[in-house]
Amino acid sequence: MPRTLLPGLASMILLAGPATAADAPPGASSCTGCHAPKKVADSVIPRIAGRKASDIVAFMREYRSGTWPSSVMGRIAKGLDDQQTEAIAAWLAAQPE
Amino acid sequence: MATRRHFLKLGAGAGLAPAVALAQRKAKIVVIGGGFGGATAARTLKALQPSLQVTLVEPNPVYTSCPFSNSVLANLREIDQQQFRYDGIRGAGVTVAGTSATAVDADAKTVTLADGNSLSYDRLIISPGIDFDWKAIQGYDEAAAEKMPHAWKAGAQTVLLRRQLQAMDDGGLVVMSAPANPFRCPPGPYERASLIAYWLKIWKPKSKLLLLDAKDAFSKQRLFQNGWAELYPGLIEWVPLSQGGKVTAVDPATLTLTTEFGAHRAAVANVIPPQRAGAIAAQAGVADRTGWCPVEPVAFESTLRPNIHVLGDAAIMGGMPKSAFAANAQAKVCAAAIVKLLAGEKPQDPIVINTCYSLVAADYGISIAGVYRPNKGQLTDIPGAGGTSPLEAVGGLRGQEALYASSWFRTITAETFG
Ligand SMILES: Cc1cc2nc3c(=O)[nH]c(=O)nc-3n(C[C@H](O)[C@H](O)[C@H](O)COP(=O)(O)OP(=O)(O)OC[C@H]3O[C@@H](n4cnc5c(N)ncnc54)[C@H](O)[C@@H]3O)c2cc1C
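Line order of the protein sequences matches chains A and B. Take the first sequence: its letter number 72 is residue 258 in my numbering, and every next letter is one higher. Take the second sequence: its letter number 15 is residue 21 in my numbering, and every next letter is one higher.
Hints are not guaranteed to be accurate.
Under the rule of at most 30 Å between Cα atoms (straight-line distance), these lysine-lysine pairs were calculated in the DSS-like manner [claimed, not checked]:
1. B:Lys153 x B:Lys221
2. B:Lys141 x B:Lys221
3. A:Lys224 x B:Lys34
4. B:Lys141 x B:Lys214
5. B:Lys159 x B:Lys141
6. A:Lys238 x B:Lys346
7. B:Lys115 x A:Lys224
8. A:Lys238 x A:Lys225
9. B:Lys153 x B:Lys214
Since the hints were derived computationally from the structure, they do not count as laboratory data.
Modelling step: build the complete structure from the supplied sequences, incorporating the hints.
The structure is reproduced here in structure tokens:
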């Protein structure tokens, strides 16, 4: 019996582990090119990991509509629909601050 | 039916999956090239799945970054601020083979190394950057580049060009030549012209810069040209293809550049020659007749050879430009996709972002951005998104974008090299 149990367990552990990080929603992994996950000296670009998802979504909506002025974020926000933005925001919010 | 389905389920749950799982855990990934694409891919793979065996093949112990190397030419930075070692990547659990890859056998799934060793792989990532087409401009070979530097791979060439500029008499003519598309860093030659002009204006105010171009339009063109008119009136002359901008031959002995319309003698000459994917790509059979590498737009796997992924400048990435930002973003997407593929799952369609800053002066930045997704087998611009900085800058925008540019550099080099 252990012969069938063990491989089953192994695959479960495997699924629970790294799959989550590889499952970041589309677009999310590009953010860290500018928004550092860890503190970087002398950067004026804000960190967004661990921020509230609803705040990130609100900012992205205002960037997209131009209500809130931005340099590059408005141009990027226009490439993401509401659902995609919400998924990225939720994922960023779940990252360690 | 019910029994069969039950059996299949059992088979998948207790037999097949663990076999896949075990193979996935022990999988060997080889990455050729430790630049923005390859170094990021190696690190990300290890972070996503620490049990993978990841080997990064890179002959140089120190990587010299092209982004911000134009600032070195203008004396705004030193070359050592461009340099990064691989200790952070080793610390992340990646094995670094300090040698170059000389051959890839796609059928046997092996990579031959210059030190005589060979590596086998389950998946191979190739991110070798560019090589120059030394036959494209008559007279411009590797020896000529010692007299007329390209400085399009940063390092000794950057330092050489800077030294030549500093040694030039005030009043000397600097001549640059830019290639036709596609090439590494589309706004790069124009940022370089800007920053050389910035430096000339201070130190050699009687000098001029002639920019001979093999094309009639370029990236962020109006922003650059407005900046030149505002900051360096009369200093930079841009000659497009249609007015004889294409350089066809050079003479390194006299620093002469010959175009379809005439000849120009330079005090300092910077020739940026046509390019193609780093040579190992063609050797591996993943480059096509254009010299670049076609890939599918989800995991960036070669359409010519299975189990080989190509990243960064070497790849044909649809609408995405050849930039460090793009190479880094593609690498993160590719790493996640490879983890999925090893698990026998289908990777999701990605969204990939690019943002490129250029400096027109030390405190004057402009940008171009794009958001891309797979469409008909290519990474394609999402309509309505992206574009350049506005032509009218309000509220200190240019200064702010210059600060964003240097912040971006610090962030991306930290993410890539640690
Ligand atoms: C002047 C200039 C300014 C630029 N400015 C910017 C900028 O502001 N922003 C931006 O986003 N991009 C910029 N770029 C573009 C950027 O440098 C490239 O797009 C980026 O380096 C591409 O990354 P890569 O991984 O494809 O190649 P590279 O970074 O060139 O890395 C390739 C690596 O592969 C190694 N290699 C090659 N062949 C082999 C082999 N056979 N075996 C083992 N290793 C091998 C090389 O040694 C090298 O380390 C600039 C470029 C230039 C020239």
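Give me the numbers of the hints this structure contradicts, sorted from smallest to largest.
-> Result: hint 7 breaks, nothing else.
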